Every structure is written in C-alpha cells, then in structure tokens.
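2 protein chains.
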Amino acid sequence: MVSMKIDYKKELESASKGMIMIHDPRLLIKLIVRMIVRKLGVKHAAMVLHDLEKNIYVLNISRGETGVKIPKDFARFDDESPLIKLFNRKEYQHLTIDRNAIVSDDISRLIWRESVLPNGNGTSNGDIQKILYEVYDQMEMFNTGACVPAYYQHKLMAILLLGEKYDGTKFEQEELDFFAALASDAAMAIRNAQLFNHLKREADKNHQQYLQTIAVLTHAIEAKDAYTRGHSERVTEFALKISDRMMHIGTLHFSKKFRETLRISGLLHDIGKISIPEAILNKTDKLTNEEYEIIKGHPSRGINMLEPLGLEQDCVSGILHHHERFDGRGYPAHLAGAQLPIISAIIAVADSYDAMTSDRPYRKGLPKEIAISEIKGNSGTQFHPDVAAAMVDLYEKGKI
Amino acid sequence: MVSMKIDYKKELESASKGMIMIHDPRLLIKLIVRMIVRKLGVKHAAMVLHDLEKNIYVLNISRGETGVKIPKDFARFDDESPLIKLFNRKEYQHLTIDRNAIVSDDISRLIWRESVLPNGNGTSNGDIQKILYEVYDQMEMFNTGACVPAYYQHKLMAILLLGEKYDGTKFEQEELDFFAALASDAAMAIRNAQLFNHLKREADKNHQQYLQTIAVLTHAIEAKDAYTRGHSERVTEFALKISDRMMHIGTLHFSKKFRETLRISGLLHDIGKISIPEAILNKTDKLTNEEYEIIKGHPSRGINMLEPLGLEQDCVSGILHHHERFDGRGYPAHLAGAQLPIISAIIAVADSYDAMTSDRPYRKGLPKEIAISEIKGNSGTQFHPDVAAAMVDLYEKGKI
Numbered sequence: 001m002v003s004m005k006i007d008y009k010k011e012l013e014s015a016s017k018g019m020i021m022i023h024d025p026r027l028l029i030k031l032i033v034r035m036i037v038r039k040l041g042v043k044h045a046a047m048v049l050h051d052l053e054k055n056i057y058v059l060n061i062s063r064g065e066t067g068v069k070i071p072k073d074f075a076r077f078d079d080e081s082p083l084i085k086l087f088n089r090k091e092y093q094h095l096t097i098d099r100n101a102i103v104s105d106d107i108s109r110l111i112w113r114e115s116v117l118p119n120g121n122g123t124s125n126g127d128i129q130k131i132l133y134e135v136y137d138q139m140e141m142f143n144t145g146a147c148v149p150a151y152y153q154h155k156l157m158a159i160l161l162l163g164e165k166y167d168g169t170k171f172e173q174e175e176l177d178f179f180a181a182l183a184s185d186a187a188m189a190i191r192n193a194q195l196f197n198h199l200k201r202e203a204d205k206n207h208q209q210y211l212q213t214i215a216v217l218t219h220a221i222e223a224k225d226a227y228t229r230g231h232s233e234r235v236t237e238f239a240l241k242i243s244d245r246m247m248h249i250g251t252l253h254f255s256k257k258f259r260e261t262l263r264i265s266g267l268l269h270d271i272g273k274i275s276i277p278e279a280i281l282n283k284t285d286k287l288t289n290e291e292y293e294i295i296k297g298h299p300s301r302g303i304n305m306l307e308p309l310g311l312e313q314d315c316v317s318g319i320l321h322h323h324e325r326f327d328g329r330g331y332p333a334h335l336a337g338a339q340l341p342i343i344s345a346i347i348a349v350a351d352s353y354d355a356m357t358s359d360r361p362y363r364k365g366l367p368k369e370i371a372i373s374e375i376k377g378n379s380g381t382q383f384h385p386d387v388a389a390a391m392v393d394l395y396e397k398g399k400i
Numbered sequence: 001m002v003s004m005k006i007d008y009k010k011e012l013e014s015a016s017k018g019m020i021m022i023h024d025p026r027l028l029i030k031l032i033v034r035m036i037v038r039k040l041g042v043k044h045a046a047m048v049l050h051d052l053e054k055n056i057y058v059l060n061i062s063r064g065e066t067g068v069k070i071p072k073d074f075a076r077f078d079d080e081s082p083l084i085k086l087f088n089r090k091e092y093q094h095l096t097i098d099r100n101a102i103v104s105d106d107i108s109r110l111i112w113r114e115s116v117l118p119n120g121n122g123t124s125n126g127d128i129q130k131i132l133y134e135v136y137d138q139m140e141m142f143n144t145g146a147c148v149p150a151y152y153q154h155k156l157m158a159i160l161l162l163g164e165k166y167d168g169t170k171f172e173q174e175e176l177d178f179f180a181a182l183a184s185d186a187a188m189a190i191r192n193a194q195l196f197n198h199l200k201r202e203a204d205k206n207h208q209q210y211l212q213t214i215a216v217l218t219h220a221i222e223a224k225d226a227y228t229r230g231h232s233e234r235v236t237e238f239a240l241k242i243s244d245r246m247m248h249i250g251t252l253h254f255s256k257k258f259r260e261t262l263r264i265s266g267l268l269h270d271i272g273k274i275s276i277p278e279a280i281l282n283k284t285d286k287l288t289n290e291e292y293e294i295i296k297g298h299p300s301r302g303i304n305m306l307e308p309l310g311l312e313q314d315c316v317s318g319i320l321h322h323h324e325r326f327d328g329r330g331y332p333a334h335l336a337g338a339q340l341p342i343i344s345a346i347i348a349v350a351d352s353y354d355a356m357t358s359d360r361p362y363r364k365g366l367p368k369e370i371a372i373s374e375i376k377g378n379s380g381t382q383f384h385p386d387v388a389a390a391m392v393d394l395y396e397k398g399k400i
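Sequence order for the protein chains is V and L.
For what it's worth, the numbering used here labels the leading residue of the first sequence as 1, then goes sequentially.
For what it's worth, the numbering used here labels the leading residue of the second sequence as 1, then goes sequentially.
Copies of the same chain look alike in the list, so a pair counts if it works inside one copy or between any two.
The calculated BS3-like cross-link candidates involving lysine-lysine, where the alpha carbons are at most 30 Å apart (straight line), are:
(1) LYS257 to LYS155
(2) LYS10 to LYS30
(3) LYS43 to LYS155
(4) LYS90 to LYS155
(5) LYS256 to LYS241
(6) LYS85 to LYS165
(7) LYS39 to LYS155
(8) LYS364 to LYS241
(9) LYS256 to LYS54
(10) LYS90 to LYS10
(11) LYS257 to LYS54
(12) LYS256 to LYS155
Keep in mind that the hints were calculated from the coordinates and are not lab data.
What you are looking at is a predicted structure, and each value in this text was computed from that prediction instead of being measured.
Using the sequences and the hints, build the whole thing.
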C-alpha cells in the first residue's frame with residue numbers, strides 16, 4: 001500500500017484553500033466530490049446537506065464510477081431518518097465518536113457489542129440495535145461503505161457518503177479523520193455559499209420591488225387620463241431604443257448602469273404632473289399664461305417629490321430637463337448645447353415623438369413619418385442633433 | 001526551547017475553523033491578532049488588508065504588549081509603498097519567496113547578497129537595495145520583526161505584521177510557514193466577510209429605496225388635495241400606535257414583520273383614490289349613488305394598481321378591507337367579526353379617527369375627545385372591539 005500512500009494533510013490543505021470563495025453551492029459540492037473520487041481512491045461519493053430554511057437534509061450530488069442513481073423521493077431526509085438520528089441524537093453519539101464516522105463493516109460488531117454491554121444513557125439496547133439495522137439498510141441502498149458527519153457548533157450540517165475504495169481495502173482511521181475534516185470544511189464553505197446566495201437573492205428581490213414600485217408610481221401618474229395612459233412607458237421604450245442606437249453608432253458611450261438610470265428617469269419624467277389640477281391638464285382651449293406657468297412647473301415639482309429617493313444625478317437631470325431645447329429656449333433652466341445632459345436630450349426626443357404620434361381628445365395622432373420629419377426638421381434647434389439622428393435612424397431601420 | 005514548543009498544525013486548524021462564519025471583518029482581525037499575541041508568543045501583531053473597492057491597503061488593527069500607536073496618516077498604503085511593492089511586484093519576488101516573509105534580521109544579509117550577485121530580472125541591484133532599505137525603515141516604524149504576505153489567486157490580499165517574540169529568539173522557518181498559512185486563511189475569511197457585508201448593505205439599501213418609493217407614492221396620492229395631505233402618514237402612525245398598544249395589552253400577538261406590513265398597508269390604503277375624478281373627490285354636496293359607487297371602488301382599484309408589487313396577503317387585506325365594518329355592513333366584501341383581518345380593522349379605526357379629527361373644506365375637524373367617544377360608541381358595530389379599546393386606551397394615556 002505504500003505506493004498509494006496519500007498525504008492527507010496536504011490534500012486537505014489544497015482542497016480547503018479557496019473553497020469559501022466559491023459561492024455556487026452545487027459547484028462546490030461537485031468539486032469536492034470529484035476530488036474525493038479522483039484523488040483519494042474512492043469509487044463514488046455524495047453529500048447530504050442540511051437545508052437551514054426547511055430543516056431537512058438533502059442529498060446533493062452523487063458521482064463516481066459505481067454511483068447509484070438515487071430515486072428523487074429518497075433524496076430528502078428528515079429528523080426521523082435513521083442516518084440523521086444516528087448522528088444527531090445524544091443517545092447514539094457513543095456509537096460513532098471513536099471513528100468520526102459510521103462504517104458499514106463495523107455495524108455487525110457494533111450491534112454485537114451493544115447487545116452485550118449495558119449502556120448508561122437510558123436508551124435500551126434494543127433501540128440501538130434497531131437503529132443500527134436501519135442505518136445498515138440505508139447505507140446498502142446508497143451503496144455506501146462509510147458515512148462521515150460534519151458538525152458546526154454541535155449541529156449536524158452534512159454527511160459525506162463514501163463508496164468503496166478502488167483497492168478494496170477497508171477505511172483506515174487516518175482516512176476517516178481526513179474525511180471528517182474535509183466534510184467539516186466543505187459543510188462550512190457550502191453553508192457560507194448558501195448564506196451568500198440567500199443574501200444575493202434578497203438584494204435582487206428588494207431591487208426588483210423598488211423597480212416595480214416605480215412602475216406603479218408611473219401608472220399612478222396616468223391613472224386619471226385615458227389619453228396619456230401608457231405614455232411614460234412608451235417614452236421609456238423609445239428612450240432606451242435611442243440610447244442603444246447611439247451606443248451602436250458610437251455617438252456616445254454609456255456606463256453599464258445607464259440603461260437602468262434612463263429607464264427610471266423615463267418612467268418618472270412626468271410625475272410632477274400629478275399635482276397639476278385636472279382642469280388645466282385636460283383643457284383643450286388655449287392655456288392662459290398663468291396656467292402655462294403651472295404646467296411648466298411640473299419637472300421641478302417632480303424632482304421635489306422624488307427627493308426622498310436620493311436618485312442619482314443623471315436620473316434627476318433626465319426628469320428636470322426633459323423640456324429643455326438644444327437652442328436654450330426650453331424650460332426650466334434654458335440649458336443649451338453641451339450644457340444639456342444627454343439623458344435629458346434623449347427623453348426630450350422620445351417624449352415629443354410619443355406626444356406627436358398619440359391620439360388626444362381634440363386630435364388624432366400624427367403618422368410616424370410626419371413626426372420623424374418634424375424631429376429631423378428641428379434637429380439642432382429643438383432637439384440634440386445626435387439624438388435626433390439616432391431617432392431618424394431607428395425609424396429608417398423599421399425599429400420604431 | 002522544548003517546553004515552549006507549539007503544535008502549529010493544530011493551532012492553525014483550530015484558528016481557521018469557523019473563521020468564515022464570522023461576518024464582522026473587524027472582529028475577525030481582532031480574534032486572529034489576539035490569538036497570535038496570546039498563543040504564539042509574539043509581543044504584538046497587526047494586519048494590513050487590501051481594500052478591494054479603493055485599491056489601497058489599510059492597516060486594520062494593532063494589538064499587544066508593545067504595540068505602537070500608528071498615526072492615522074500612516075495606516076494607509078498605496079501601490080507605491082515599499083512593503084506593498086516588495087510583495088506585489090514580480091521583480092522583487094525572489095527576495096521573499098524562500099522564507100514566505102520578510103524578516104528584519106535578514107535585510108542586511110539580503111542587501112549584501114543583492115549587491116554582490118547579479119540578478120536576472122532586469123532590475124538594477126541599486127533598485128533592490130533601495131527598496132530593502134525603505135522596507136527596513138517601514139518595519140522599524142511599525143516595530144515589526146517580520147512581515148508575512150497573504151495571496152489569493154496571485155493577488156496580495158494582506159500582510160501580517162509581527163512584533164518580536166517574547167523569548168527573544170528569531171523567527172524560525174516553521175513559524176513563518178505557519179504565519180503564512182494563517183495569514184492566507186485569515187485574508188480569505190476577511191475578504192469573505194467584506195463581500196458579505198457589501199451584499200448586506202446592498203440588500204438594505206435596496207429595501208430602503210423600496211420603502212422610500214412607497215412613501216413617494218403616498219405623497220403622489222395626496223398631491224392635489226391640501227386637505228388630505230398627510231392623511232395616509234397620520235393613519236399609518238395611528239395604526240402603528242394601535243398595534244403596539246394591542247401587543248402591549250396582549251389582545252394580539254404580531255410577528256416581527258407585522259409592523260412593516262402595517263406601515264406599507266397604511267401608507268398605501270388610499271392609493272385607489274388616485275383614479276377617482278377630482279370633481280367627485282372634492283364634491284361637498286351629497287354624492288349621487290353612481291358617484292358613491294365610484295368612491296367605494298377605491299380599495300379594489302388600489303389592489304389592482306399594486307398587483308405588480310406582489311405584496312403579501314396581510315398587506316393586501318389591510319388595503320382592500322379598510323372600509324369594512326365589524327358588523328359586516330362595510331365594503332367591498334361585507335366581512336364581519338372574525339372574518340375581518342385584524343390589520344384591516346386597525347387601519348379602519350386609524351382612518352376614521354384621522355378623518356374625524358382633520359379639517360375639511362366644509363367643516364372644522366372634531367376635537368379628539370368627541371372622535372374617541374364616537375369610536376367607543378361604535379365599538380362592536382362599526383369597529384373591532386379590541387382595536388377600538390386600544391385606541392381609547394391610547395387616548396386616555398395621552399399617547400395620541
């Protein structure tokens with residue numbers, strides 16, 4: 001056997017190294033099980049892992065030459081499963097504590113010993129024989145020669161199921177100790193990965209909730225007016241297409257986050273309108289100067305309303321300046337040319353296009369080609385030329 | 001020296017065990033440094049850790065008998081700092097690779113060696129002498145006998161700074177190897193903790209954004225009506241006080257999450273009103289049956305609007321049933337008695353109290369005591385008796 005001698009300490013060190021940086025539990029288990037099978041002369045291996053949330057134990061993977069396909073129903077163990085009971089309950093701990101494991105070859109010896117010796121823990125010897133027989137059956141079913149538990153803070157976290165060794169010999173204590181240390185490191189790394197993923201899902205879920213609340217807010221803005229319904233969503237859609245087009249053409253380079261910023265900005269650009277009285281909003285006659293001033297206040301009012309969200313500067317600009325013009329004759333700040341944030345210029349074109357092409361109580365929407373020729377004709381005066389060019393391009397390519 | 005012999009393998013195993021389950025980086029470093037000082041016969045120890053986001057190296061803690069207080073300005077190292085350069089750059093790697101560390105006692109020997117031997121990596125011997133002198137000065141300043149680097153995937157993650165040994169002897173190679181393994185495990189655990197905290201902060205931030213967007217939505221509901229402004233927030237405040245009171249009295253037991261659910265439900269209970277025309281909403285004359293039906297539709301319309309949020313059942317109930325009555329004569333579902341979710345019963349009382357005590361265009365708000373006697377008088381008919389009792393209790397204790 002000297003030729004097959006394995007330096008367990010070294011193997012353990014190299015296996016454990018870096019385990020915690022892998023945050024995919026399935027990949028982790030795969031790597032560990034593969035290492036056991038390839039490097040340590042075991043025909044197959046699997047791992048039963050505690051599911052913290054459901055308080056059950058789940059068989060995670062089974063790999064190797066003679067690995068049995070485990071029927072799905074048998075892949076979950078509860079507290080009453082013999083193997084779990086054996087490792088989890090105080091009254092059975094003396095059965096496995098010497099070897100750090102349960103080894104199928106030992107079971108008959110254990111049964112014999114337990115039926116002869118009195119035990120001092122209030123459990124009848126019959127009970128102990130029964131669980132040993134049940135564990136033996138379970139190990140047979142999983143084609144397992146040895147089961148090695150992993151504990152963290154006295155709680156059973158995992159069981160490593162080991163098939164036979166290639167060389168046909170029995171598991172030595174040195175090997176079982178190694179597997180116990182490996183199982184314990186692995187269980188901790190897997191728990192770490194689970195916690196990580198849990199937190200990541202939580203962060204994602206919370207972000208989705210935030211975005212969905214923004215969408216609800218968008219619908220709230222348009223709740224009363226059948227004619228503007230869907231306006232903010234359409235503007236957002238056009239704005240995203242324009243930005244993608246500009247990215248493609250190369251007229252601008254956006255950061256990775258820009259699309260989301262643009263989306264939020266587009267969805268909320270008209271939120272300030274919610275405070276404009278319906279009588280002004282829906283007026284079909286010419287507005288008085290006073291009424292027009294109220295209308296012109298909606299971008300700033302929107303920003304005030306959104307202040308608690310702490311939106312980033314780009315997002316704020318998109319909302320506040322979506323009625324600016326490239327020639328500086330827009331509102332509220334009369335920004336011109338390079339002063340005008342590109343996000344505002346994009347929303348401005350998308351907003352105008354949707355306003356022109358949508359039906360209103362007092363007129364039908366314009367055909368696309370008229371709206372596009374308006375945008376073309378006002379490029380460099382009302383509209384930012386790069387943005388207008390991207391919009392025209394989208395139309396010509398049949399993308400809007 | 002035999003009496004002081006330390007089993008390094010065992011110490012390393014017990015130190016590394018469980019490290020990754022500690023998610024407070026400062027605590028982790030404290031534990032590791034304390035262990036070094038107490039168990040391993042080193043007078044003081046500190047750790048320099050790579051800050052992933054800022055790409056600087058930060059001195060995290062310095063503890064022990066003779067630990068020097070490091071001035072704050074010296075606690076940050078950039079890429080140009082001698083120690084960082086020594087461990088980070090290829091051209092200096094041959095200086096520390098033999099020992100897994102730089103030891104101050106070795107530095108004169110190294111300088112002599114480098115000034116005699118040619119080096120094959122294109123660096124001048126003068127350069128190498130210079131950095132060694134600089135490192136020596138830096139180690140002097142930190143009162144450090146040995147510096148041990150920790151790498152992860154060939155990237156310098158941390159440096160362990162070790163003071164002198166209590167017994168005055170030099171660091172042996174076995175010790176340095178141990179500290180290298182420990183530093184590497186520690187650096188990984190600390191990085192893990194940092195990632196964890198980063199993710200946790202992200203999840204919290206996203207959740208806060210979600211709650212703040214709900215608050216904005218609340219203000220949007222009330223944007224047009226000076227008279228109802230603040231209504232939803234006040235209702236929420238009363239509802240929370242009632243639930244706290246019921247918790248205190250013992251009339252109900254709420255889960256930990258209940259307060260947040262109640263808060264969201266309270267803030268959004270009137271969101272359906274956003275789709276009611278202002279002409280109906282602000283009408284001071286008696287409403288027609290048709291108009292009253294439109295008003296009565298607001299709880300269901302609210303639920304429809306909020307559908308994309310996937311709110312939990314309690315939250316939905318609070319909104320949908322806040323106009324139900326305990327005797328079943330409310331709307332929309334005519335729920336009575338035990339059918340009525342307690343969250344709806346709480347919002348109903350809070351809502352009525354605020355409606356009674358607030359000014360309206362056509363009347364002044366009622367005094368508190370009149371509103372409370374109304375609630376008392378309608379307990380068991382309009383209002384849930386436990387909820388009404390809690391509200392009366394709050395008033396009598398001067399808490400509203």
